[in-house]
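Peer 1: In case you want the letters, here they are:
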Amino acid sequence: MAKAFRASAGIMLAPAVTLIGVFVLVPMLLTIWLCFQDWSTQTPFSEASFVGLGNFQEIFGSTSVGRDFKTALLNTTIYTALSVVLILPLSVVFGLLVYQREVAGGTALRTVLFSTYMVPMIAVALVWSKLYSPSEGPLNQMLGLVGIGPQPWLSSPRSALVSIVLLNVWQQVGYFTVLAIAGLTQIPGSLYEAATLDGANGREQFRFITLPLLRRTLLFSAVIAIINAVQVFEPVALITQGGPVGSTNVLTYHIRRVGIERAQGGLGSAMAVMLMLSLIVCVSALFALVNRRDSE
Amino acid sequence: MSLAWISKLTLAAGLVALPVTGWAQSVNISYLTHWSPETVALLEAAAKDFSKQNPDVAVTVRAVPFGDLLTTLRSQGGSSDGPTIGGIYDLWLPELAKDKLVAPAPDAVASEVKSAWPAGVVSAASVGGTLYGIPNEIDVYALNYNKELFKAAGIAAPPKTWAEFKDVAAKLTDKDKGQQGFGMINSWAAGVVHPFASLLVSNGGNLVKDGKPALDSPQAGETFALYEDLIKSGASVPAMATADANTTGPFLDNFVSGKTGMIIMANWWESALKTGMGDKFANVATAPIPVGPSGDKPHSISYSWMTVVNAKAGEAEQKAAWQFLGWLNSPKSGKNGASAMSDILMSMGILPSRSSDIEAHKDKLGSEFLSGYVSVLADARPFPVVLGGQEFSESLQQTLEALQYGQVSAKDAQANAQADATSILERAAK
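Residue numbers (the working numbering), protein chains in the order written: chain A, 1 to 296; chain B, 1 to 430.
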């Protein structure tokens, strides 16, 4: 009986497992194999030659290859950290604002907030590159009205990455607000009623009821926000091309330049593996932190 | 006749006509370019003319932004379904040929090109003596300046030496008006490297000499120092220099709006200037690159573009592609003895490279803007076409941008540029 059950379970699982194996595991394993090879993306795999850890030595070395990779890794880290730090609190704030049942037009507000997420990145990039224009950009014109001088935005290595982060936050915050609202709906209203009877004010209710019970939602949001941020590509490719001085050169864009444009498949794979490892470490650390707090 | 009979007869006629139609358009070839929609329309019109004479060949044109052109060629060119023809920058040719992505030109095409184009242009389209593409455009750098701003600053003539250049740049700079004397470019490899290289060759130096980087020369040191001086004096403002993926952006906006006095750019941006400036385009003049303290006379950098054929395309497609390119670049396809390709190029202000095209467009090449470029062509030095050239160019771009933004000194920039170039070219040559 158990044998028959196992056989039928195997048959039922086979299509999904095969698809995952072919389209997820094989490319991942291939990338890991390629990171130890010297290989041009324009040649067959059979022409790859084993170089051991040579590609990793190169990407962490002191030559331009290493410098550019380390800059791209740092840029990606800053971009991800800033995006998450801005998106999560904003999504909770907007979620709380929109979730107030007594506020008229809450659904319309949710729709407006979510709509930014539905706008294609090409349109967002076109509009924001004009908004950021140093001379005729509306942002600088508005700042001028309140007596603030023109800002360089995308034209300075100091502000270009932050400008791209702001664009990302604008586009993504609606989606995370919807997630926050979904989390808020799971909190029983009776807890707030009890807290009110016990004399807890709004701030205390937020700190001791809302935030702790939103923890799982926020963990999910943080993981998704990190993954989205690490994969940033379009605004860089469409607006800044990684400049100026490589200040917006993020890893996905850099891997594309090295792996496809220069056809250095081995180096590109080593960079992709490092990106994957960084993401795994980061997300695992986040889960471990939340689980430890839960067990405490 | 009933409706059913009419339907049957129509269907039968359609079935009879189908193989004929299919045979009439039996070869489909595609052409990948980075040109603007207006220029693509001209190429499509030329392709239509070709198909009228050759009904068995259909040509479709596809355009991508310049920033995506090489990536598209690399990612799609390795397949028979990829673009049959690609317009490429000569710097990319050695690696595309090494990776066998581009097909050698057939003997008939090669001999035609060798006899009809200048030898220097033919060599830029060849690797190891084998011709891979039909050259079309040649671009050269010169100094563009705004005559109105010169007049307002009391400057009578464009600078001839670096000393005059620095002096004029300082006079043209007006911080209160947000005006810079000399406009640099950043965030675009060729836009950063080519003007620097033009100043370097005008100072008697070279980027690469005998296949090895020559950025450690005293002439290169003086060129890095010139950049540092221009930035430190405020005559060049890096925040006004940014370019976007379409090779436009603030650097262009600042020149067309009269906020940049001088800039070093190639002839192809004539159409962008005309679009941006309208009647004020008449204020733009062209002059040779100022000569540095170690230079003998004005020199600048030139580079060429060519059309290549996908080596992985089918035999019939390759044959049709060479046939189309041969026609497109021949004196028979355009107006008044010019090629259709040169007519398309001239619509953008780009210099054609075929000798007969230069003769056919003599009048237009004599315009105030273009004649300045034509006059410096003879003393222009081709941008070095070497294996690893694109990576070398991108690396030098990073170093120059770091210098522009004051992140490194001229001395450190020179040392970094030489060390990076040495390691890149050595690795590429392996």
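Keep in mind the hints are simulated off the structure, nothing from the lab. Some clues are possibly wrong.
[Stated by the list, open to error] Quick list of in silico lysine-lysine cross-link-like pairs, DSSO-like style, CA-CA up to 27 Å:
1. A:Lys130 x B:Lys259
2. B:Lys259 x A:Lys70
3. A:Lys130 x B:Lys362
4. B:Lys160 x B:Lys335
5. B:Lys259 x B:Lys232
6. B:Lys171 x B:Lys312
7. B:Lys362 x B:Lys274
8. B:Lys319 x B:Lys297
9. A:Lys130 x B:Lys312
10. B:Lys274 x A:Lys130
11. B:Lys411 x A:Lys70
12. B:Lys100 x B:Lys364
13. B:Lys147 x B:Lys332
14. B:Lys430 x B:Lys209
15. A:Lys130 x B:Lys280
16. B:Lys160 x B:Lys209
17. B:Lys274 x B:Lys259
18. B:Lys232 x B:Lys52
19. B:Lys48 x B:Lys312
20. B:Lys362 x B:Lys332
21. B:Lys411 x B:Lys209
Note that the structure is predicted; figures quoted are calculated from it, not measured.
Peer 1: Hints numbered earlier in the text: which of these fail when held up against the supplied structure?
Peer 2: 2, 3, 4, 6, 8, 9, 12, 13 and 18
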